[in-house]
Amino acid sequence: NAGVTQTPKFQVLKTGQSMTLQCAQDMNHNSMYWYRQDPGMGLRLIYYSASEGTTDKGEVPNGYNVSRLNKREFSLRLESAAPSQTSVYFCASSVLEPGKNEKLFFGSGTQLSVL
Amino acid sequence: AQSVTQPDIHITVSEGASLELRCNYSYGATPYLFWYVQSPGQGLQLLLKYFSGDTLVQGIKGFEAEFKRSQSSFNLRKPSVHWSDAAEYFCAVGSYDYKLSFGAGTTVTVRA
Numbered sequence: 003n004a005g006v007t008q009t010p011k012f013q014v015l016k017t018g019q020s021m022t023l024q025c026a027q028d029m030n031h032n033s034m035y036w037y038r039q040d041p042g043m044g045l046r047l048i049y050y051s052a053s054e055g056t057t058d059k060g061e062v063p064n065g066y067n068v069s070r071l072n073k074r075e076f077s078l079r080l081e082s083a084a085p086s087q088t089s090v091y092f093c094a095s096s097v098l099e100p101g102k103n104e105k106l107f108f109g110s111g112t113q114l115s116v117l
Numbered sequence: 157a158q159s160v161t162q163p164d165i166h167i168t169v170s171e172g173a174s175l176e177l178r179c180n181y182s183y184g185a186t187p188y189l190f191w192y193v194q195s196p197g198q199g200l201q202l203l204l205k206y207f208s209g210d211t212l213v214q215g216i217k218g219f220e221a222e223f224k225r226s227q228s229s230f231n232l233r234k235p236s237v238h239w240s241d242a243a244e245y246f247c248a249v250g251s252y253d254y255k256l257s258f259g260a261g262t263t264v265t266v267r268a
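Chains Z and U, in that order, are what the protein sequence lines are.
So in the working numbering, the last spot in the first sequence is 117, and the numbers never skip.
So in the working numbering, the last spot in the second sequence is 268, and the numbers never skip.
A few of these clues could be false.
A few chain Z positions that, by computed beta-carbon distances, are all more than 10 Å from chain U [unchecked claim]:
no.	residue
1	Q24
2	N64
3	G65
4	K73
Now the stretches of chain U that chain Z is said to cover, found in silico as 3 or more residues with beta-carbon under 8 Å [as the list claims (entries may be wrong)]:
no.	stretch
5	199-205
6	248-259
Hints are computed from structural coordinates only; laboratory data are not their basis.
Don't be surprised by glycine CBs; every beta carbon is placed ideally from N, CA and C.
All chains should be built: construct the whole structure from the sequences, respecting the hints.
See the structure below:
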C-alpha cells in the first residue's frame, strides 16, 4: 500500500521549459490536491479536484494547469516555468466521507528548481 | 477568507521540558482545525484534528491541542518533549472539503 506517490522527487528546469508533475494514490480517494511549499509561507493550495472529472483553482493557480486523468491520478503541469515557481510541491488526497478517517494524506514532495 | 497565524517562527526547548505552539485562525464558520508535523525532507504527517465536540483533542506522539473559539486559537501542547520531536509544525484551518490554509510553520529545536 504505497499511499500517495509523486514523481519526480527532484527536478531542475530552465526558464520557459515545461514539465508535468505526476501524482497517484492507491487509496480510492475521491479528492486530490496540489500544494506548494515556500520558506516562511507554509503550504498554499494550487488546485484541487473534488472528484474524477472535476478540478478547481486554489489560492495560487496562475502558471499551472492540472488534469484529473482518472480517480487515481492528478497531474500538475507547468507550461512555461518561471523562477518564481521554484518550490516544493506536494500532492495530497482525501476520502471526504464522514467517519472514514477524514484527513489529508500527503506525498513525499517534489523539489523543483527553475533557473 | 480563511487564514492561520503561527506567531512563533522558531522555538528551542530542552528535552523533557513542555512545549506549546501557538495557532490563531480566521474563519467565517465553524472551522476544521489541524496540526501537521514535517520532518526534514519528508511530507506532512497529521498529529491531530478538531471537527466538533470536545475542545481538547488528543493526537499521536503524546500531543494534544485545545480549541478556544472565543480566542480563535488552537494551540498545540506536549508535556515532555523528546529529541525526535524536533521538526516543523504547521497549523491549518479549512472546511469539510479539505481546502486548507496553512500557517507559515514553527520550527522546533530540541536541545539535550
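A quick look at each hint next to the structure:
Every CB of chain U is more than 10 Å from the CB of Q24/Z (nearest about 15 Å), matching its label as outside the interface. With 10 Å as the threshold on Cβ separation, the claim that N64/Z sits away from chain U holds: the shortest Cβ distance comes to roughly 17 Å. Residue placement check: G65/Z keeps its beta carbon more than 10 Å from all beta carbons of chain U (closest about 19 Å). Residue placement check: K73/Z keeps its beta carbon more than 10 Å from all beta carbons of chain U (closest about 16 Å).
Counting residues of the stretch 199-205 of chain U whose C-beta lies closer than 8 Å to any C-beta of chain Z gives 5; at least three are required, and the coverage claim holds. Check result for the stretch 248-259 of chain U against chain Z: holds, 9 residues qualifying (beta carbon to beta carbon below 8 Å, three or more required).
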